[in-house]
Amino acid sequence: AQSVAQPEDQVNVAEGNPLTVKCTYSVSGNPYLFWYVQYPNRGLQFLLKYITGDNLVKGSYGFEAEFNKSQTSFHLKKPSALVSDSALYFCAVRVSGGYQKVTFGIGTKLQVIP
Amino acid sequence: SAVISQKPSRDICQRGTSLTIQCQVDSQVTMMFWYRQQPGQSLTLIATANQGSEATYESGFVIDKFPISRPNLTFSTLTVSNMSPEDSSIYLCSVASGGESNEKLFFGSGTQLSVL
Numbered sequence: 001a002q003s004v005a006q007p008e009d010q011v012n013v014a015e016g017n018p019l020t021v022k023c024t025y026s027v028s029g030n031p032y033l034f035w036y037v038q039y040p041n042r043g044l045q046f047l048l049k050y051i052t053g054d055n056l057v058k059g060s061y062g063f064e065a066e067f068n069k070s071q072t073s074f075h076l077k078k079p080s081a082l083v084s085d086s087a088l089y090f091c092a093v094r095v096s097g098g099y100q101k102v103t104f105g106i107g108t109k110l111q112v113i114p
Numbered sequence: 115s116a117v118i119s120q121k122p123s124r125d126i127c128q129r130g131t132s133l134t135i136q137c138q139v140d141s142q143v144t145m146m147f148w149y150r151q152q153p154g155q156s157l158t159l160i161a162t163a164n165q166g167s168e169a170t171y172e173s174g175f176v177i178d179k180f181p182i183s184r185p186n187l188t189f190s191t192l193t194v195s196n197m198s199p200e201d202s203s204i205y206l207c208s209v210a211s212g213g214e215s216n217e218k219l220f221f222g223s224g225t226q227l228s229v230l
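Keeping their order, the protein sequence lines are chains B and V. Once you know that position 109 of the first sequence is 109 in my numbering, the rest is easy, because the numbers rise by one and skip nothing. Here my numbering = 1-based position in the second sequence + 114.
Treat each hint with caution, since some may be false.
Stated by the list, open to error - In the EDC-like style, the derived pairs of lysine to aspartate or glutamate whose C-alpha atoms are separated by at most 16 Å in a straight line are:
{"id": "1", "chain 1": "B", "residue 1": "K22", "chain 2": "B", "residue 2": "E8"}
{"id": "2", "chain 1": "B", "residue 1": "K77", "chain 2": "B", "residue 2": "E66"}
{"id": "3", "chain 1": "B", "residue 1": "K109", "chain 2": "B", "residue 2": "E8"}
{"id": "4", "chain 1": "B", "residue 1": "K49", "chain 2": "V", "residue 2": "E217"}
{"id": "5", "chain 1": "B", "residue 1": "K77", "chain 2": "B", "residue 2": "E8"}
{"id": "6", "chain 1": "B", "residue 1": "K77", "chain 2": "B", "residue 2": "E64"}
{"id": "7", "chain 1": "V", "residue 1": "K179", "chain 2": "V", "residue 2": "E200"}
{"id": "8", "chain 1": "B", "residue 1": "K101", "chain 2": "V", "residue 2": "E217"}
{"id": "9", "chain 1": "B", "residue 1": "K101", "chain 2": "V", "residue 2": "E172"}
To be verified - If you want the ones that stay clear, here's a sample from chain B, every Cβ over 12 Å from chain V, calculated:
{"id": "10", "residue": "P18"}
{"id": "11", "residue": "T20"}
{"id": "12", "residue": "F63"}
Rather than coming from a laboratory, the hints here were simulated on the basis of the structure. Note that this is a predicted model, so its numbers are computed, not measured. C-beta atoms are modelled at their ideal positions from N, C-alpha and C, and glycine is treated no differently.
With these hints in hand, go ahead and build the complete structure from the sequences.
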């Protein structure tokens with residue numbers, strides 16, 4: 001079975017400060033890892049993914065995430081937070097190869113304080 | 115990428131009635147997915163809908179309660195049948211598209227369902 005843990009229900013950060021949203025995963029096999037963002041009253045949007053290659057992946061809106069195999073983590077980061085980054089962030093995992101079921105974390109609410 | 119139109123965006127329904135949610139994609143896709151998003155919980159996959167075959171339901175979800183149609187490669191419906199307050203949730207349709215192995219998921223804007 002595969003699972004995703006997002007240990008923080010909410011993360012508060014001041015505008016302009018760096019932000020980190022944590023994610024750890026468990027999967028049998030090589031993982032595909034994702035971050036999705038959900039703005040209020042809108043559907044989820046793809047933010048970035050790790051499939052293979054460089055452990056640091058860059059995505060939309062200046063976000064990046066680092067794949068750490070030994071710690072089974074895939075934390076989302078941004079050097080300088082914007083108020084407009086305030087949203088609900090979901091980490092997700094699936095096994096590589098063909099179509100595989102995607103498992104989502106519970107979500108972390110990011111609040112950027114002006 | 116894929117653009118998904120989902121409707122209705124929200125509805126308030128009476129116990130015992132049924133609601134059908136529609137999902138239209140702007141391109142042909144093999145698989146469409148239906149998720150439920152309950153407050154404080156992760157997205158839960160209800161079923162996978164392939165065109166021309168029966169939908170595949172996840173554990174805890176049954177066809178009688180959540181019948182799905184998939185008449186063509188761009189459209190699907192999910193019906194929530196004989197609703198109870200426990201069915202109050204956000205329902206999302208999704209497709210897999212893009213990337214080396216269609217690994218990206220694209221989502222509709224969701225249907226906020228409240229059952230009284």
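A quick look at each hint next to the structure:
Between K22 (chain B) and E8 (chain B), the direct Cα distance comes to roughly 7 Å. Compliance with the 16 Å bound is thereby established for this hinted pair. With a C-alpha separation of about 8 Å, the suggested pairing of K77 (chain B) with E66 (chain B) holds against the 16 Å cut-off. For the hint pairing K109 (chain B) with E8 (chain B), the CA-to-CA distance comes to about 8 Å; that is within 16 Å, so the pair holds. A distance of roughly 9 Å separates the Cα atoms of K49 (chain B) and E217 (chain V); the hinted pair therefore holds under the 16 Å criterion.
With a CA separation close to 14 Å, the supplied pair K77 (chain B) and E8 (chain B) stays within the 16 Å bound. A C-alpha spacing of about 5 Å is found between K77 (chain B) and E64 (chain B), which places the hinted pair at or below 16 Å, so the restraint holds. The hinted pair formed by K179 (chain V) and E200 (chain V) meets the criterion: a straight-line CA distance of about 13 Å does not exceed 16 Å. A threshold of 16 Å between alpha carbons decides the hint, and for K101 (chain B) with E217 (chain V) the separation of about 10 Å falls inside it, so the pair holds.
As the CA atoms of K101 (chain B) and E172 (chain V) are separated by approximately 10 Å, the hinted pair is consistent with the 16 Å bound. The Cβ of P18 (chain B) lies farther than 12 Å from every Cβ of chain V, with a closest approach of about 26 Å, so its non-interface assignment holds. Chain V leaves T20 (chain B) outside its interface by the beta-carbon criterion, the shortest separation being 20 Å against a cut-off of 12 Å. With a minimum CB-CB distance of about 15 Å to chain V, F63 (chain B) clears the 12 Å threshold, and the non-interface call stands.
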